[in-house]
Structure formats: C-alpha cells, structure tokens
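I would like the entire structure built from these sequences, with the hints used as guidance.
There are 2 protein chains.
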Amino acid sequence: MIQLYNYYRSSASYRVRIALHLKQIPFEYHAINLRDGAHKTDTFKKINTFQTVPYFIDGDIKLSQSLAIFDYLENLHPEPTLYPKDPVLRAKALEITLSLVCDLHPLNNLKVLTYLREKTNFNDEQIMSWMHHWFHQILAPLEEMISKNKQTRYALTNSVTIVELCLIPQLYNAHRFGVDLSKYPTLKTIESTCLELDSFQKALPENQIDYEGN
Amino acid sequence: MIQLYNYYRSSASYRVRIALHLKQIPFEYHAINLRDGAHKTDTFKKINTFQTVPYFIDGDIKLSQSLAIFDYLENLHPEPTLYPKDPVLRAKALEITLSLVCDLHPLNNLKVLTYLREKTNFNDEQIMSWMHHWFHQILAPLEEMISKNKQTRYALTNSVTIVELCLIPQLYNAHRFGVDLSKYPTLKTIESTCLELDSFQKALPENQIDYEGN
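These protein sequences, in sequence, are chains A and B.
Numbering of the first sequence is given in numbering that gives the first Met the number 0, commencing with residue 0 and proceeding in unit increments.
Numbering of the second sequence is given in numbering that gives the first Met the number 0, commencing with residue 0 and proceeding in unit increments.
No lab work stands behind these hints, which were simulated from the structure alone.
Glycine included, each C-beta is placed from N, C-alpha and C at the ideal position.
Incorrect hints may appear among the rest.
[Claimed, not checked] Non-contacting residues of chain B with respect to chain A, defined by C-beta distances greater than 12 Å in every case (computed):
no., residue
1, T40
2, K149
3, Y171
4, H174
5, V178
6, L203
[What the hints assert, rightly or not] Straight line, CA to CA, 30 Å or less: simulated BS3-like cross-link-like pairs of lysine-lysine:
no., chain 1, residue 1, chain 2, residue 2
7, B, K45, A, K147
8, A, K118, B, K118
9, B, K187, A, K110
10, A, K45, B, K39
11, B, K84, A, K22
12, B, K39, A, K84
13, B, K118, A, K182
14, B, K84, A, K61
15, A, K149, A, K201
16, B, K22, B, K187
What follows is the structure, given as structure tokens:
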C-alpha cells in the first residue's frame with residue numbers, strides 16, 4: 000500500500016491527500032509533526048533527504064514534491080484525470096498551479112517563517128504582513144485571470160484539476176491567517192464548489208488523525 | 000514567431016531560453032529590465048497580469064511559469080524531449096526540478112530580496128546569509144541524491160532534461176552570490192557538461208542582448 004508521510008496542517012500534504020482521495024487510491028497515513036520538528040530527526044532524514052512533507056512511497060518509488068506525486072499518480076491511475084486533456088488548457092492549469100506552488104506557498108511555509116522569527120526578530124504583526132503580502136500578490140492576478148472564464152464549474156474545466164488541488168489548501172491557509180478574501184469572489188466560489196466533494200472533505204486538515212486544532 | 004519577454008539575469012528566463020535553444024525553436028526576445036522595474040509598469044501588466052518574467056506568447060497562447068512553458072513546448076515540439084520517457088524517472092525529474100523551482104528560487108528572487116531590504120532593513124550581509132542558507136538547504140540533498148547515480152551523463156539520464164534546465168541557472172546564481180559549491184562536485188560536473196552544449200551557451204545571461212554585467 001502507498002505510504003504517505005504528511006502533516007494535517009501542511010498545505011502541500013493536503014494537496015496530495017485530495018489527489019489520492021479523488022483517484023480513490025488507499026494509502027497509509029504517517030503523521031510527521033512539523034511543529035515538533037519531527038521532520039528534522041535523523042530517522043526522517045533517512046526516509047527523505049529533503050526532510051519535507053508530503054513524502055510518498057509506493058514500493059521502490061519514493062517522491063517528495065506534490066506536483067511530482069500528481070504526475071506519478073496520473074500515470075498509475077489515469078482516471079479521474081487531474082489534468083485537462085487539451086495541451087493549451089493543460090499548460091494553463093500548470094501555470095495557475097505553479098503560481099500557487101512556486102510563488103505563494105514557499106514564501107509562507109513554516110521554515111521560512113521560522114527563519115524570519117529567529118534571524119530577523121520579526122514580531123507577529125510583521126509575520127502577518129509578510130504572509131498577507133504574498134497571498135495578495137498571487138490571489139489578485141489569479142482572481143483576474145480565472146474570473147474571465149465563467150463558463151466552467153471549476154477554474155478551467157468542468158472537472159477538478161491540479162488547479163483546485165493546490166488552490167483550496169492555499170485558501171484554507173488564507174482563512175487561517177485572516178487574509179481578506181472579499182476581492183476574490185471567483186476563487187471563493189470555486190472553494191465552496193470543491194468543498195462539496197467527498198474527496199476534498201476527506202482531505203481536510205480537521206479530518207486527519209493528527210489534527211490538533213487550527 | 001514565439002515572443003519571449005525575459006531578462007538576461009532572471010534564472011527562470013534563462014531556463015526557458017535553454018529549452019527554446021535545445022528544441023531549436025526561434026523566438027523574438029523582449030527585454031524586461033527587472034532592476035529598472037519594467038515589469039511593474041501598466042503596459043507590462045496588460046501583457047502579463049502576474050508581472051513576471053519569463054512570459055511566453057505563441058499566437059493566442061500566453062503563459063507565465065517556466066515549467067508550464069516547458070510542458071507546452073514539449074507538446075508543440077516533442078523532440079528533443081525534455082522529460083525522461085519512463086514514468087518513474089519522469090517523476091524523479093519533476094521532483095528534483097520542483098525542489099529547485101519551488102524551494103530554492105522563489106526565496107532568493109529579486110522581489111523577496113527587495114521586500115527584505117525595504118521592510119526589515121536587512122543589510123548586505125544578512126541578505127547574503129539568507130540566500131546562502133536556502134542554496135545549501137536544497138543543493139546539499141540534491142548532491143546526495145544525484146551523486147548516488149553515477150551511470151549517466153546528466154543527473155538522471157544520458158540526455159538533458161528539465162533537471163538541467165533548472166539546475167544550471169541556479170548554479171549560475173550560486174556563483175554570482177559567492178556560494179561555496181565545493182561540497183557539490185556532482186552538481187558542478189553536470190554544470191560543466193551542460194555548458195559544453197551550444198544551447199546552454201546561447202542561453203547564458205552574458206550572451207543576451209540586454210546583458211549589462213554580472
């Protein structure tokens with residue numbers, strides 16, 4: 000069975016949980032508590048040299064990086080697909096996804112916030128300003144881009160793609176950190192639509208075995 | 000003809016230039032000087048709402064995000080391929096690439112350094128510490144991972160893949176910022192091997208029309 004090292008509150012872990020539930024692939028959940036530094040232990044370094052979650056193991060196949068895991072899962076279980084079939088829409092899906100995964104998430108993750116607190120003495124207010132700044136830098140152009148397409152149920156098509164797998168966990172974080180989302184009605188509608196799906200519900204942080212509060 | 004909005008010193012632009020030269024796809028070069036804030040103008044915002052480079056236009060197809068551009072180019076001109084054919088190696092290539100593109104590059108790019116200088120009064124030494132920290136966080140596990148495979152000319156296979164397209168521009172930046180690469184002999188060997196290729200030479204920052212010094 001697939002082994003998934005993850006943490007309920009890690010948004011990259013959340014993405015992979017959605018993908019696995021969407022494709023109805025069973026997996027064994029190994030909780031790695033990032034707050035307690037469980038990823039920094041020698042034991043975990045031997046499992047994943049990058050010391051990050053999610054970490055995915057399927058027999059001899061071992062992968063970090065959520066988008067690499069999506070690509071592998073798509074090959075393993077092509078249906079339901081996570082990617083639009085049309086090459087142009089597929090590239091657009093990747094564009095939107097990468098804007099979230101490269102230009103938003105890495106700036107607001109725990110290791111960066113820890114560095115800022117420890118090395119710059121950022122106080123809570125400065126940490127919040129930093130986080131909100133990067134949320135708006137990406138959510139504003141995404142709202143603009145996605146709101147132009149009003150014909151589909153989800154961001155680009157009538158089925159869930161990698162866009163929603165990455166967007167919903169970022170919006171979860173945005174709520175958690177009090178980001179004002181009132182200017183992003185299209186993104187919020189997509190969020191509500193996705194959260195009606197069983198696969199998204201099963202993947203929610205509060206529905207994981209290691210949940211310890213928001 | 001394909002239009003590429005880019006900047007000689009942007010490492011994400013450098014990646015896309017290598018891909019275009021490898022696939023021998025002609026393109027028109029539009030220089031966007033990030034140092035001068037050319038990406039922040041209303042004119043450029045109308046072209047690319049994310050206000051980032053590289054920005055790729057092929058007729059009606061418009062894309063930001065280097066990995067989305069690679070995916071599109073691979074569909075347009077499959078040969079020479081940028082991805083390993085084997086699904087597992089393909090996922091490993093994505094894993095390594097994403098570690099560079101998501102976990103290293105976004106932390107050290109100009110907009111983040113500008114924020115740190117302006118909002119935290121980081122001095123030059125603190126900026127350098129920040130940058131070097133993230134370089135080593137990623138290059139150390141990459142060296143460990145890639146050095147285990149000594150049978151291939153490049154990181155994963157005997158031909159260039161997206162791994163080298165993203166690694167070589169990051170190593171260029173590492174040299175530029177004085178990062179000690181002595182612990183990464185495997186990565187340095189891959190760099191030398193790539194820089195023997197015409198496509199990498201053509202894509203080098205110093206060989207672009209907007210080059211203004213290192």
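Now the hints, each set against the structure:
At the 12 Å boundary, the C-beta of T40/B stays outside the reach of chain A, the nearest C-beta of that chain being 15 Å off. Every CB of chain A is more than 12 Å from the CB of K149/B (nearest about 17 Å), matching its label as outside the interface. Remark: the non-interface label on Y171/B is consistent with the geometry, its nearest Cβ contact in chain A lying 18 Å away (cut-off 12 Å). Every Cβ of chain A is farther than 12 Å from the Cβ of H174/B; the closest lies at roughly 22 Å, confirming the non-interface assignment.
With a least beta-carbon separation of about 17 Å from chain A, V178/B lies farther than 12 Å from that chain, consistent with its non-interface assignment. With a least beta-carbon separation of about 23 Å from chain A, L203/B lies farther than 12 Å from that chain, consistent with its non-interface assignment. Of the supplied pair hints, the one linking K45/B and K147/A holds, its CA atoms being roughly 14 Å apart against a limit of 30 Å. For the hint pairing K118/A with K118/B, the CA-to-CA distance comes to about 14 Å; that is within 30 Å, so the pair holds.
Between the alpha carbons of K187/B and K110/A the distance comes to roughly 27 Å, so the proposed pair stays at or under 30 Å and holds. Of the supplied pair hints, the one linking K45/A and K39/B is violated, its CA atoms being roughly 44 Å apart against a limit of 30 Å. About 23 Å separates the Cα atoms of K84/B and K22/A, which keeps this hinted pair within 30 Å; it holds. In summary, the hint linking K39/B to K84/A is not supported, as the alpha carbons are separated by about 34 Å, beyond the 30 Å threshold.
Taking the CA atoms of K118/B and K182/A, the gap is near 25 Å; set against the 30 Å cutoff, the hint holds. For the suggested pair K84/B and K61/A, the alpha carbons sit about 18 Å apart, so the restraint of at most 30 Å is met. Taking the CA atoms of K149/A and K201/A, the gap is about 28 Å. The hint holds against a cut of 30 Å. Taking the CA atoms of K22/B and K187/B, the gap is about 24 Å. The hint holds against a cut of 30 Å.
In summary, the structure is inconsistent with hints 10 and 12 from the numbered list given earlier, while agreeing with the others.
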